[in-house]
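Colleague: From first to last, the protein sequence lines stand for chains A and B. Per this note's numbering, the first sequence starts with residue 27, numbered consecutively. Per this note's numbering, the second sequence starts with residue 27, numbered consecutively.
Simulated from the structure, these hints should not be mistaken for laboratory data. Relax, there's no trap hidden among the hints.
Treat identical chains as interchangeable: a pair holds within one or across any two.
Only pairs whose alpha carbons sit at most 20 Å apart, straight line, appear in this in silico SDA-like list of lysine to any residue:
1. 61 to 83
2. 61 to 84
3. 61 to 192
4. 87 to 66
5. 87 to 60
6. 87 to 195
7. 61 to 150
8. 87 to 74
9. 87 to 64
10. 87 to 45
Protein chains: 2
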Amino acid sequence: MQQRPPRGRRPVGSGTREAIAAAARRQFGAQGFQKTSLRSIAAEAGVDPRLVVHFFGSKQKLFLSVVELPFRPELVFPAVIGDGGPGVGLRLAEFLLTMLDSPETRSVMIGILRAAASEEEAARLWRDMVTEQILLPLASRVARDRAELRAALVASQVVGLAMARHVVGVPPLAQTDQETLATALAPVLEYYLTGDLGDAASLMGGLRARVP
Amino acid sequence: MQQRPPRGRRPVGSGTREAIAAAARRQFGAQGFQKTSLRSIAAEAGVDPRLVVHFFGSKQKLFLSVVELPFRPELVFPAVIGDGGPGVGLRLAEFLLTMLDSPETRSVMIGILRAAASEEEAARLWRDMVTEQILLPLASRVARDRAELRAALVASQVVGLAMARHVVGVPPLAQTDQETLATALAPVLEYYLTGDLGDAASLMGGLRARVP
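Go ahead and model the full structure; you've got the sequences and the hints to work with.
Modeller: Here it is in structure tokens:
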């Protein structure tokens with residue numbers, strides 16, 4: 027990588043970075059992470075591809091710089107989590123599965139996942155984004171002991187479900203309908219958010235409270 | 027890719043594929059997936075790099091072709107799963123966390139995960155390997171209703187934990203000790219394997235049986 031690409035087709039001004047970001051956002055959204063190249067983004071922005079590398083480093087990092095979460099956690103969590111009482115697991119499972127089953131939101135979430143898995147620097151960017159925008163807001167809402175660990179356990183199950191169902195396509199998960207999956211996941215998410223993580227008896231007690 | 031690389035440094039005979047596979051297995055094992063290149067493997071095997079592409083297609087596919095699971099499911103599952111009775115969740119959680127926390131076995135499992143996340147063809151190979159070598163043997167042991175879905179749900183949680191703890195390094199998960207995590211995961215794995223997936227009351231009942 028060089029500091030000053032000699033043949034940028036566009037002067038390196040304050041608008042260049044934004045032009046690249048806009049082209050990247052459009053192409054990643056329209057055709058996904060895999061089929062988008064630094065070259066095609068540079069062409070749309072009217073710059074030398076090396077300028078894209080200069081500003082953003084790599085395709086993974088460019089993706090994470092321009093991508094926006096398909097939902098606004100601060101707006102969504104109050105409705106989904108509420109006071110964290112009974113039913114929170116099912117509401118969260120239904121919300122997440124809806125996000126993953128809709129092609130538009132899924133392509134963003136899976137693109138983020140692929141980028142994070144393929145490069146360590148991208149993984150670090152992803153971790154900061156997920157921690158600040160999702161895990162900390164979620165943790166501050168569930169507001170019991172070990173709130174961050176609880177949010178991270180939820181994240182681990184959601185990430186694994188997205189990988190198994192949509193990236194790898196593990197046979198039964200890829201074909202199971204949304205309602206069946208939401209029902210199967212609900213007690214797990216509720217346990218991670220509100221159960222006693224160290225004690226199966228407390229998990230039992232927490233669940234007993236909501237069983238007729 | 028071309029059918030007959032013109033300048034292979036070694037005659038394309040029956041031993042060539044094996045020589046490449048042996049070099050790949052050694053290098054992936056010694057330095058991991060990321061730092062190993064097709065070029066370095068070809069150099070060790072004494073062949074043109076294009077011959078590696080000819081035989082194996084890509085680094086991801088080569089990795090999945092030569093890698094071996096760090097444990098033999100048919101030997102491990104009888105001890106870990108047993109008859110699937112109470113305690114199976116904790117035994118499985120402890121086994122998996124031990125595999126993931128040991129540097130040697132972790133590097134293989136994380137390498138598999140990265141390869142699967144980065145390329146669709148690699149994901150397909152990974153899916154076939156995990157399904158045949160892990161999920162079906164596991165499903166045939168737990169042997170209740172929806173055995174394959176249960177095994178896949180377990181796989182989703184394990185994959186997500188590996189991603190969050192070891193690939194992305196989500197803060198609390200990356201630092202949480204093995205025993206705490208095993209205790210937190212145990213009821214979930216036990217529920218996926220033996221609980222009633224559609225009914226929180228059955229999850230409660232299943233857990234009540236093992237609480238003093």
